[in-house]
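Produce the entire structure from the sequences given, and follow the hints as far as they go.
Residue numbers (the working numbering), protein chains in the order written: chain A, 1 to 318; chain B, 319 to 611; chain C, 612 to 943; chain D, 944 to 1230.
There could be a bad hint or two in this list.
Claimed, not checked - What the simulated footprint calls covered on chain A by chain C, stretch by stretch (three residues with Cβ under 8 Å from a Cβ of chain C suffice, anywhere in the stretch; the number is not a length):
| no. | segment |
| --- | --- |
| 1 | 211-225 |
| 2 | 239-251 |
What the hints assert, rightly or not - Only pairs whose alpha carbons sit at most 25 Å apart, straight line, appear in this in silico DSS-like list of lysine-lysine:
| no. | chain 1 | residue 1 | chain 2 | residue 2 |
| --- | --- | --- | --- | --- |
| 3 | D | K995 | B | K447 |
| 4 | A | K232 | C | K697 |
| 5 | A | K232 | C | K733 |
| 6 | A | K99 | A | K89 |
| 7 | D | K1124 | B | K458 |
| 8 | C | K895 | D | K1124 |
| 9 | B | K333 | D | K1132 |
| 10 | B | K591 | C | K811 |
| 11 | B | K448 | D | K1132 |
| 12 | D | K1124 | C | K937 |
| 13 | B | K447 | D | K1229 |
| 14 | D | K1132 | B | K431 |
| 15 | D | K1121 | B | K447 |
| 16 | D | K1124 | B | K343 |
| 17 | C | K643 | C | K815 |
| 18 | D | K1121 | B | K448 |
| 19 | B | K541 | C | K877 |
| 20 | C | K676 | C | K742 |
| 21 | B | K511 | C | K877 |
| 22 | C | K701 | C | K729 |
| 23 | C | K619 | C | K697 |
| 24 | B | K385 | B | K447 |
| 25 | D | K955 | C | K908 |
| 26 | D | K1229 | B | K448 |
| 27 | A | K311 | C | K701 |
| 28 | A | K232 | C | K729 |
Said to hold, decoys possible - Listed next, with one range per pair, are the computed distances between beta-carbon atoms:
| no. | chain 1 | residue 1 | chain 2 | residue 2 | range |
| --- | --- | --- | --- | --- | --- |
| 29 | B | P577 | C | T923 | 40 to 48 Å |
| 30 | D | M1151 | C | G689 | 43 to 51 Å |
| 31 | C | L891 | D | Q969 | 51 to 59 Å |
| 32 | C | G689 | D | D946 | 43 to 51 Å |
| 33 | C | K761 | D | R1070 | 34 to 42 Å |
| 34 | C | D626 | A | P135 | 20 to 28 Å |
| 35 | C | P884 | B | P577 | 45 to 53 Å |
| 36 | D | S1137 | B | V599 | 46 to 54 Å |
No lab work stands behind these hints, which were simulated from the structure alone. Idealized CB from N, CA, C, for every residue including glycine.
Each chain, letter by letter, is given below.
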Amino acid sequence: MVRYRLLDGVKKVFLFLFSIFLLSAAVFFISRLAPGDPLVSYYGERVERMGIQERVWAEEKLGLKDSVWVQYIRWLGNAIRGEFGISYKYKMDVIEVIKGRIGNTLLLGGVGFCLVFLLALLLGIFCAWHENRMPDRIVCTLGTITSCIPEFWLSLLFIFIFSTNLKWLPGSGAYAVGKADDWGSRMEHLILPLTVLVVSHIWYYAYMVRNRILEETGTDYVLLAKAKGLNKRQIMFHHCLRNAIPSYLSMAAASVPHVLGGTYIVETVFSYPGIGTLSYESARYKDYNLLMLLSILSGAFVILCNMAVQKGAERDGR
Amino acid sequence: MKDEILLDVQKLSHKFFPARKMEVKAVDEVSFQIRRGEIFGLVGESGSGKSTIAHCIMNIYQPSGGKIIFYTGNCQERRGFFNKKDMAVQEANSIDVCDPKEFRRHRRMLLAKRQIIFQDSSSSLNPRKKIREIIAEPMKIQHIAPVRGSLCAEAEYWLNQAGLDGSVLEQYPSELSGGQRQRVAIARALAMKPELLVADEPIASLDVSVQAQIMNLFLQLQKEHGFSFLFIAHDLLAVKFLCDRVGVLWRGKLVETAPSKELFENPCHPYTKTLAASIPVPHFRLRQEGDVW
Amino acid sequence: MSELLEVKDLSVSFDTPQGEAQAVRDVSFSLKSGEVLAVVGESGCGKSVLCKTVMKLLPPSAKIKSGSILVNGTDIIGYQERDMCKLRGKLFSMVFQDPMASLNPSIPVGKQVAEAVKIHQKGLSKKEIYKRAEELMRLTGIACPEEHMKWYPHQFSGGMRQRTVMAIALAGNPKIVFADEPTTALDVAVQAQILDMFKKLQKKLGMAVVFVTHDLGVAARIADRIAVMYAGKIVETGTAEEIFYDARHPYTLGLLRSLPMYAEPKGELYTIPGMPPSPLSLPKGDAFACRNEYALKIDYEEEPPMFCISDTHYAATWLLDKRAPKLPAPYR
Amino acid sequence: MEDRFEIVGIRKMPDVKLVKKEKWYQGKPVFFAILLGMILAVCLACELVMTKDPFYLDLQHCNVPPDGEFLFGTDTLGRDIFSMIWYGGRVSLFIGIVSAAVSTGIAIFVGAVSACAPAWADALLMRFTEIILSIPSLLLVLFLQAVFGENTVFSVSAAIGMTGWAAMAKVIRAEVIKLRKCEYVAASKCMGGSFLHILWEHFLPGFMPSIMFMAVMEIRSAILAESTLSFMGLGLPVEMVSWGSMLSLAEKAILTNDWWILFFPGIFLTVTLLCITRIGEYIRRKF
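Laid out in structure tokens, this is it:
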């Protein structure tokens, strides 16, 4: 049994590495095929005034002259040694660039994710408790409406109302100028993006929780639990929720990329200096090295989440 | 006529692999014969491999061992002649269903001559099709020209045979009761004029009074059309009432085969005895003429 | 013996998109303590709705239209969920048809039994609760309960699951146990064992049982009294002997006659013609009339009252009226 | 009186046809269907409603608030928002429908093949689907646009359609596997039904409802994707009017407090998405 598990583990790691490899290859070739001039992001406006010779020299310097295959193999060799190259735009090691930003995204995305799933769980339980009665109906209607509002439009609306007009909260950035260490300022800047993230994602999950719990309340074992004298609260928390939560958790893990994508959009609209804005910029302006590392990071994250879900499903399979 | 063998199951085995390095013998070297025009019963508890045998006979599963030989045509006249030519004819008339090559060669014929009725009529009839379409489906597949003019007329004829009237033709399975649905399944099977009808627990999910109706229907149809009938059930009483011979399955093995009367009068195998002893039989008496009350 | 449970003129109906479905119509019965009453009928005749009504376990679409449910003389028809919670498990408990579905698949069986014990015996320590749960499981015939308590329902066989459900039902020492087809999903051999265990426990603990089944054989094996239900009504009720040896209602007779056990093999079984009516559109008069060869004209006009045959034996058919014509046996 | 007790035997009961007592509109999203129908109809016949040319840059009337002439005001480039809404709606809805058709087609193909293929091919296809799912869709869309060249209505809808099928393919695969286990499929096989026959007679009607639901939801997410992409400047350019590209001007409009530029396209977008969602939910419930 132990040997079997070990073998399985090795297989999983291998599969993971292979997926990452495929992903890196795909992103590499895709990004080089796409039109756009990577030199723009390195030299900015100057590119337009460059002569042919200068261009050739610049391309050689950035290693863009060789065929795509050679470039990829070179990149792969460097990547295995842990060198991912420099960012064209920021002109420093991509790892450093990402390091400077990832904290912000983890804060926004992490807190947002936790809030979304926690609140969705609570809201779902609330709706299931009041099944088909007034509170449930009101929440359901409101939820459907909020889930239909495009995330970027909601962000714009919030900025328009709370930032431009009411001037209650800041509408862009992660902290006020020069106050990078001020947690109060950071919190203030987080409120609007977080609200957008929660409002636009919560109903999808809350509705799922609600239906999952209602599915459970229709089963025979709930009848037996009632027959043995448990009250509604005990049945809801000891039985229904207990059975609904594993599948909810696995679904939450599976939808990490979904929320991640949402975070990217919110970051872009709020000009929040995070991974989202970074990957948007890098994709748009062909900052190849940065783009590679970012895609691999988010891809690895997603694949890991999927694997965790599969593992969970296997364990739940009994 | 009665002694002629239609189906010969020889040492049939089937294994399942529910998990890695786990093997479950669902059917273990089971042999029995079904004669022409006979009702053969298979009884056993759930998980004893009854349905697996039915599925193997119908080529839904490929068995992992053994043979299922299906005799076709009228071999009776050739019996007694043993020259080579006739032997060849005899061979062509016996088909090993388990051999994929032979099965493919005789596929069309086999698929028409053997029909199956499943236990759960609600899942064996497509809920999105009308009854008319359901009954006409096998005829459409096999490209059989309807004898009674149209497919619809044909469907109505077979529905009448199964004890339903034409009013259900345009209905969907969900609009019918369980007994009616089972009748539709019977009509669909009969429409192919099968030589062998396999019924996998056809009455298990029905009510007592409907069970009686369906059993009567089986008997009457069998008398009328003369097909051989493999009746699979867990209800010993139904088997006793319906069948000529009975096989008792226990954990994938056939522990006893006997004419049904004999089996119930003196069961040999201990398992058969427990089975017979555990049927809840109500003792009751209906009032006779002249009873004082 | 006093009446433990008395149900009077109970009517229950369901709201469906097609209209009102009358599941239970004017049902009255009573139950003495320590007695086994079998409710026999075909699917859809309202027999399990009857049990669930008494336990108040009906889905929200069901409505109790009239009637009263007297338990030890108190009417519980108006009780709300909170009051019912206190009665359930202690006064009455229930066993369901499918033991797999009625156990929570993700909780070890021991814990599920212990949970039931905990509700009813407050103030016990955890150890004592588990000891009591173990005792209950041993009582219902589960071998080595201390080992099996840690198992999950899917590791159990059908019979063991049903024994566990029994243990849960017995945790609060109920006076009445409703058993809704508890043996239908089981194999014949296991069914016999469970029935014997049921009967033994019933004798030992002296509880009253309402046993719902569609199988007359099972009813004969366990019941003291039998009530036959058809289309939401009790059409005949009497002691087991009276039902099996002196049945009066044509429906009961039809059921008995269609049993294959004493029929001539390969002969023709008696069958009740037609089908039960839909609870959405019950015919006028006697619901069984359109399946009864000897239906009287009045059957199509007026519902028959309960005719008394003996102190314990009642049947609802106009054939028992003095004015009805004489019929051949076994109807008369 | 006595004749009431004569034996009449079994009388045939008149067949009672059960009629639903609910009104036809109960439980149906009639309001949303009519609303969506109206939006659709007006968008299709936008030439009849438009008061101005949606492309005309009326530089004298930039950022005009809603009034009698410009019903919904004008945007930063001086175009009439009222006219743009209907014209842009046509583009947005068209992109939604085309890309939903593309991704539904791919998803059905991949899902059905994966479900019917041998285990190794199934594993391969599913791994491929997962990788597609794990590549940031932003990148995929960028790449596909690169392949198609210039950003046109068709290239954007093709790009969105070709990136959105992965999740749907997984659902269809699960659905087909479920259908394959059905007894009526086994029964059809026993009758000699060929693979094509079973596919046509049993599989297709079997998963049509769920495909319909998913296709409707796919329209919704495609419209959403188009507007998000155009808003971020990755989809249709500002010159090509769609709800998304109209909103790409909104970021600047916020600073100048021109609420109408932000408000009208967004409201139309939200209402359309809401209608589609409600209809999708109804389809799922019904079948």
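Right, here's what the structure says about each hint:
Coverage of the segment 211-225 of chain A by chain C holds [criterion: at least 3 residues with CB-CB distance below 8 Å; count 6]. A stretch counts as covered by a chain when three or more of its residues have a beta carbon under 8 Å from one of that chain; for the segment 239-251 of chain A and chain C the count is 4, and the coverage holds. Between K995 of chain D and K447 of chain B the alpha-carbon distance is near 53 Å, which puts this suggested pair outside the 25 Å criterion. For the hint pairing K232 of chain A with K697 of chain C, the CA-to-CA distance comes to about 12 Å; that is within 25 Å, so the pair holds.
A C-alpha spacing of about 18 Å is found between K232 of chain A and K733 of chain C, which places the hinted pair at or below 25 Å, so the restraint holds. At roughly 15 Å between alpha-carbon atoms, K99 of chain A and K89 of chain A fall within 25 Å of each other, so this suggested pair holds. Note on K1124 of chain D and K458 of chain B: the hinted pairing holds, with a Cα-Cα distance of about 23 Å set against a maximum of 25 Å. Between K895 of chain C and K1124 of chain D, the direct Cα distance comes to roughly 44 Å. Violation of the 25 Å bound is thereby established for this hinted pair.
Our distance criterion of 25 Å between C-alpha atoms is met by K333 of chain B and K1132 of chain D, whose separation comes to about 22 Å. About 23 Å separates the Cα atoms of K591 of chain B and K811 of chain C, which keeps this hinted pair within 25 Å; it holds. Proposed proximity of K448 of chain B and K1132 of chain D is supported: the alpha carbons are some 19 Å apart, at most 25 Å. About 56 Å separates the Cα atoms of K1124 of chain D and K937 of chain C, which puts this hinted pair outside 25 Å; it is violated.
Distance restraint check for K447 of chain B and K1229 of chain D: the Cα-Cα separation of roughly 17 Å lies within the 25 Å cut-off, and the hinted pair is therefore satisfied. Under the criterion of a C-alpha separation no larger than 25 Å, the hint pairing K1132 of chain D with K431 of chain B is consistent with the structure, at around 14 Å. Of the pairs offered as hints, the one joining K1121 of chain D and K447 of chain B holds, with about 18 Å between alpha carbons and a cut-off of 25 Å not exceeded. Taking the CA atoms of K1124 of chain D and K343 of chain B, the gap is near 21 Å; set against the 25 Å cutoff, the hint holds.
At most 25 Å may separate the alpha-carbon atoms for a hinted pair to count; K643 of chain C and K815 of chain C meet this at roughly 16 Å. A C-alpha spacing of about 22 Å is found between K1121 of chain D and K448 of chain B, which places the hinted pair at or below 25 Å, so the restraint holds. Under the criterion of a C-alpha separation no larger than 25 Å, the hint pairing K541 of chain B with K877 of chain C is consistent with the structure, at around 10 Å. The suggested pairing of K676 of chain C with K742 of chain C is violated, with an alpha-carbon distance near 44 Å, which exceeds 25 Å.
Taken as a hint, the K511 of chain B and K877 of chain C pair is honoured in the structure, with Cα atoms around 22 Å apart against an allowance of 25 Å. This hinted pair checks out: K701 of chain C and K729 of chain C have alpha carbons roughly 12 Å apart, not beyond 25 Å. With a C-alpha separation of about 23 Å, the suggested pairing of K619 of chain C with K697 of chain C holds against the 25 Å cut-off. Restraint check for K385 of chain B and K447 of chain B: not satisfied, since their Cα atoms lie roughly 36 Å apart, outside the 25 Å limit.
Straight-line distance between C-alpha atoms of K955 of chain D and K908 of chain C comes to about 13 Å, which keeps the hinted pair within the 25 Å bound. For the hint pairing K1229 of chain D with K448 of chain B, the CA-to-CA distance comes to about 19 Å; that is within 25 Å, so the pair holds. The hinted pair formed by K311 of chain A and K701 of chain C fails the criterion: a straight-line CA distance of about 42 Å is larger than 25 Å. Using a Cα cut-off of 25 Å, the hinted pair K232 of chain A and K729 of chain C holds, with the two alpha carbons roughly 16 Å apart.
Remark: the range hint 40 to 48 Å for P577 of chain B to T923 of chain C is upheld by a beta-carbon distance near 44 Å. Against the hinted window of 43 to 51 Å, the Cβ-Cβ separation of M1151 of chain D and G689 of chain C comes to about 49 Å, which satisfies the hint. Checked against the hint of 51 to 59 Å, the pair L891 of chain C and Q969 of chain D fails, with Cβ atoms roughly 18 Å apart. Range check, G689 of chain C to D946 of chain D: Cβ separation about 46 Å, and the 43 to 51 Å hint holds.
Between K761 of chain C and R1070 of chain D the beta carbons are some 38 Å apart, a value that agrees with the proposed interval 34 to 42 Å. In this structure the hint that D626 of chain C and P135 of chain A lie 20 to 28 Å apart at CB holds, the actual value being about 22 Å. In this structure the supplied range 45 to 53 Å is violated for P884 of chain C paired with P577 of chain B, their Cβ-Cβ distance being about 32 Å. About 48 Å separates the C-beta atoms of S1137 of chain D and V599 of chain B, a value consistent with the hinted range of 46 to 54 Å.
Going down the numbered hints, you'll see the structure goes against 3, 8, 12, 20, 24, 27, 31 and 35, while the others check out.
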